[in-house]
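Start from chain S and add chain R according to the hints.
Quick note, the sequences are listed as chains S and R, same order. Read in order, the letters of the first sequence are residues 164 to 511 in this note's numbering. Read in order, the letters of the second sequence are residues 164 to 511 in this note's numbering.
A few of these clues could be false.
Because identical chains share one entry, a pair is satisfied inside a single copy or across any pair of copies.
[Claimed, not checked] Keeping only pairs whose Cα atoms sit at most 25 Å apart, straight-line, the calculated SDA-like set for lysine to any residue is:
| hint | residue 1 | residue 2 |
| --- | --- | --- |
| 1 | Lys470 | Phe310 |
| 2 | Lys191 | Leu309 |
| 3 | Lys332 | Val446 |
| 4 | Lys245 | Asp468 |
| 5 | Lys210 | Gln377 |
| 6 | Lys245 | Leu231 |
| 7 | Lys382 | Arg186 |
| 8 | Lys452 | Glu500 |
| 9 | Lys210 | Arg276 |
| 10 | Lys496 | Ser508 |
| 11 | Lys496 | Arg351 |
| 12 | Lys382 | Gln492 |
| 13 | Lys382 | Pro168 |
| 14 | Lys209 | Asn429 |
| 15 | Lys470 | Ala243 |
| 16 | Lys496 | Leu453 |
| 17 | Lys382 | Leu309 |
| 18 | Lys434 | Glu365 |
| 19 | Lys191 | Asp468 |
| 20 | Lys245 | Lys459 |
| 21 | Lys191 | Gly302 |
| 22 | Lys245 | Asn230 |
| 23 | Lys245 | Gln232 |
| 24 | Lys191 | Leu465 |
| 25 | Lys459 | His244 |
| 26 | Lys209 | Gln177 |
| 27 | Lys332 | Phe172 |
| 28 | Lys470 | Thr380 |
| 29 | Lys382 | Glu169 |
Calculated directly from the structure, the hints in this document are not laboratory data.
There are 2 protein chains.
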Amino acid sequence: MIQPPELYFNAAAQSYLNDLKERLSFSKLFVLTDTNTSNKCLPTFKKHLGHSDFVEITCEAGELHKNLQSCSAIWSTLTAHKADRNALMVLLGGGVLTDMGAFAASCYKRGIRFLNIPTTLLAMVDASTGSKTGIDFEGLKNHIGLFSSPVATLVDQHYLNTLDQRNLKSGVAEMFKHGLIYNSDHWRNLTENHSKPERLIEDSVAIKIEIVTQDPTEKGLRKILNFGHTLGHAIETHFLETSEQLLHGEAIALGMILEAYLSHSNGSLTKDELDEITRMLCVFYELPKLTEADRKAIIPLLQHDKKNSANAIQFVGLKRIGEAIYDVQYSAKAIDEAFDFYDRSTCR
Amino acid sequence: MIQPPELYFNAAAQSYLNDLKERLSFSKLFVLTDTNTSNKCLPTFKKHLGHSDFVEITCEAGELHKNLQSCSAIWSTLTAHKADRNALMVLLGGGVLTDMGAFAASCYKRGIRFLNIPTTLLAMVDASTGSKTGIDFEGLKNHIGLFSSPVATLVDQHYLNTLDQRNLKSGVAEMFKHGLIYNSDHWRNLTENHSKPERLIEDSVAIKIEIVTQDPTEKGLRKILNFGHTLGHAIETHFLETSEQLLHGEAIALGMILEAYLSHSNGSLTKDELDEITRMLCVFYELPKLTEADRKAIIPLLQHDKKNSANAIQFVGLKRIGEAIYDVQYSAKAIDEAFDFYDRSTCR
Chain S
164 MIQPPELYFN AAAQSYLNDL KERLSFSKLF VLTDTNTSNK CLPTFKKHLG HSDFVEITCE
224 AGELHKNLQS CSAIWSTLTA HKADRNALMV LLGGGVLTDM GAFAASCYKR GIRFLNIPTT
284 LLAMVDASTG SKTGIDFEGL KNHIGLFSSP VATLVDQHYL NTLDQRNLKS GVAEMFKHGL
344 IYNSDHWRNL TENHSKPERL IEDSVAIKIE IVTQDPTEKG LRKILNFGHT LGHAIETHFL
404 ETSEQLLHGE AIALGMILEA YLSHSNGSLT KDELDEITRM LCVFYELPKL TEADRKAIIP
464 LLQHDKKNSA NAIQFVGLKR IGEAIYDVQY SAKAIDEAFD FYDRSTCR
Chain R
164 MIQPPELYFN AAAQSYLNDL KERLSFSKLF VLTDTNTSNK CLPTFKKHLG HSDFVEITCE
224 AGELHKNLQS CSAIWSTLTA HKADRNALMV LLGGGVLTDM GAFAASCYKR GIRFLNIPTT
284 LLAMVDASTG SKTGIDFEGL KNHIGLFSSP VATLVDQHYL NTLDQRNLKS GVAEMFKHGL
344 IYNSDHWRNL TENHSKPERL IEDSVAIKIE IVTQDPTEKG LRKILNFGHT LGHAIETHFL
404 ETSEQLLHGE AIALGMILEA YLSHSNGSLT KDELDEITRM LCVFYELPKL TEADRKAIIP
464 LLQHDKKNSA NAIQFVGLKR IGEAIYDVQY SAKAIDEAFD FYDRSTCR
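So here's chain S without its partners, still in its complex pose (with noise of 0.2 Å):
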């Protein structure tokens, strides 16, 4: 049975990492950084960390390092440094990393255990406290994986001053996702500016543990997080190695707009709603003009999408704000209307 981590958030999560040793008694310590997050994080990690050692292991960051090279990397150093059962790995960076050295800790040895430190406001939201692990393959986000939980996960804020505002912006999407799949009144409080930061991050982190916890393996209700992904991965994946490419955010923004249109589309959502949401994420982020080339390239891309079943492409629609439905499918004509109801919509 898959459990959602134990959360620890800012001087929480500083007295456990000061407190690590006799909490956890691993027999070695590793940290898993990548380029930036060795620069700019490690030095807060080793203030707040007590006496321990650990051995660093630094991968190069970015999605497109995301790959069973970067997995074999990693084991080969747990391996050169005599790593046992009993080694604890500290995962210190975004959802890329966080995904891939869960993935990699839970299959060395058949698995070690690993703690999450989510260095971006995307991995803190999202990635480091779903239970997903996994890596790219073939071009395919998050193709091989796993479900497999850290012991915890410190959602420490300090590191978001490391962040650009784009990447700030970015972590904002699976927020907005949230409020819209489960919850208005997170939607409101975000686009109303209305808490602070701090405890909008708690709010967004808690709905989403309530949503995993009813159903830790994506049998059913889980899948309603996918709300924007059908559409975002495809999007995501078309623009990497690009020029353009997006960041994770942005292609679900991206992905919330267009399934926010289909789900008008099919008589669910009202009009009002689709505005108020394309609107606000329109406003929001500074999104891409599709061509006609970037269309036809994108749609088949949804073949690949692992909710899928008999070859059916299953999207997640919006009831309102707040509520969500999954296993939805709409026709290629639909989909169609949604690229145009994007290029009219008045954005750029």
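Using the frame of chain S, we list chain R on its own:
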């Protein structure tokens, strides 16, 4: 929670296969074979399979191909055939194939279902019921892997007709082990030829399942299944890729002699029982002479055993025939003497 698989023997196994589509309602069926089982076992499989189409995926046979490259090839084929999460993979082969195929299935899109059809005695009594999956990495056996269970294991002894005598005997080593660590009656039945082979196999699987059920992820009791494997794995690794390459069961038989000596050396196993075990295994198997150079190469390989903790090599010891203890440590001197004992024994 890892559960041992459901087991079906012989006629029940054939009937399961005949009703496969109705029982498991998969979106697409894949059958993993290797270059041996594709020729020797697939015809029998097809004969018993009900009306289901399938895609065959064939790997190179043998431990040397139990690696990440073979897994990648499996994942590529699944991807090319658009396998979705509701696909089913039948693993038709020996322990190398079922270990690797189970790992590949468990990681594809975060896990598709798999069904074990062991075709060797070794896989029937050991690999295909243990919920351990894995591949070799940098020369270390099962270094990368997971705990994951098949939907069922079909033990059909018809497949044993495809095996030569040496491979059959290799499988008996794990049955001897089950007797030695857990059930002295099973040891007697095996060594005194009292029971029918069918009965012995079912008994042996039952012992394995009984142990695994009590401790699926090897926190404690399950470790006793590693009797003979600490030294046996090192010996198997040492001879891998040489002209003297040993079958798994042969290496484990040799490991059991050495580890039985160690159990005697610290006063837990009597001299009579040590001699009984040594005599039986020496007569039953054709075991190699170990030179001084072999010994020097084998001992450092113990460092990588997955059971180790905090640099100490953990062994399984016998208290008597039919009862084992785990987390036993021996001095380097005792290990050296075990090799001396083996050298003096009248095996060859």
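Each hint tested on the structure:
1. Lys470 with Phe310: both (15 Å within a copy, 24 Å between copies)
2. Lys191 with Leu309: both (24 Å within a copy, 21 Å between copies)
3. Lys332 with Val446: within (12 Å within a copy, 72 Å between copies)
4. Lys245 with Asp468: between (38 Å within a copy, 10 Å between copies)
5. Lys210 with Gln377: neither (37 Å within a copy, 43 Å between copies)
6. Lys245 with Leu231: both (21 Å within a copy, 20 Å between copies)
7. Lys382 with Arg186: between (33 Å within a copy, 19 Å between copies)
8. Lys452 with Glu500: within (15 Å within a copy, 75 Å between copies)
9. Lys210 with Arg276: within (22 Å within a copy, 45 Å between copies)
10. Lys496 with Ser508: Within one copy only: 18 Å inside a chain, 79 Å across chains, cut-off 25 Å.
11. Lys496 with Arg351: Cα proximity of Lys496 and Arg351: none, with 32 Å in one copy and 71 Å across.
12. Lys382 with Gln492: within (17 Å within a copy, 45 Å between copies)
13. Lys382 with Pro168: This pair counts as both: shortest intra-copy Cα distance 19 Å, inter-copy 20 Å.
14. Lys209 with Asn429: The answer is neither: 53 Å in one copy and 45 Å across copies each exceed 25 Å.
15. Lys470 with Ala243: Between copies, since 17 Å is at most 25 Å while 38 Å is not.
16. Lys496 with Leu453: within (17 Å within a copy, 72 Å between copies)
17. Lys382 with Leu309: both (14 Å within a copy, 21 Å between copies)
18. Lys434 with Glu365: neither (31 Å within a copy, 65 Å between copies)
19. Lys191 with Asp468: Intra 38 Å, inter 16 Å, cutoff 25 Å: inter-copy only.
20. Lys245 with Lys459: Result: close only across copies, 19 Å inter versus 49 Å intra.
21. Lys191 with Gly302: Result: close only across copies, 23 Å inter versus 34 Å intra.
22. Lys245 with Asn230: Classified as both; 23 Å inside a copy, 20 Å across copies.
23. Lys245 with Gln232: both (20 Å within a copy, 23 Å between copies)
24. Lys191 with Leu465: between (42 Å within a copy, 19 Å between copies)
25. Lys459 with His244: For Lys459 and His244, the Cα distance is within 25 Å only across copies (21 Å; inside one copy 48 Å).
26. Lys209 with Gln177: Within one copy, since 11 Å is at most 25 Å while 59 Å is not.
27. Lys332 with Phe172: within (20 Å within a copy, 58 Å between copies)
28. Lys470 with Thr380: within (12 Å within a copy, 29 Å between copies)
29. Lys382 with Glu169: both (22 Å within a copy, 22 Å between copies)
Hint compliance for this structure: hints 5, 11, 14 and 18 are broken, all remaining hints hold.
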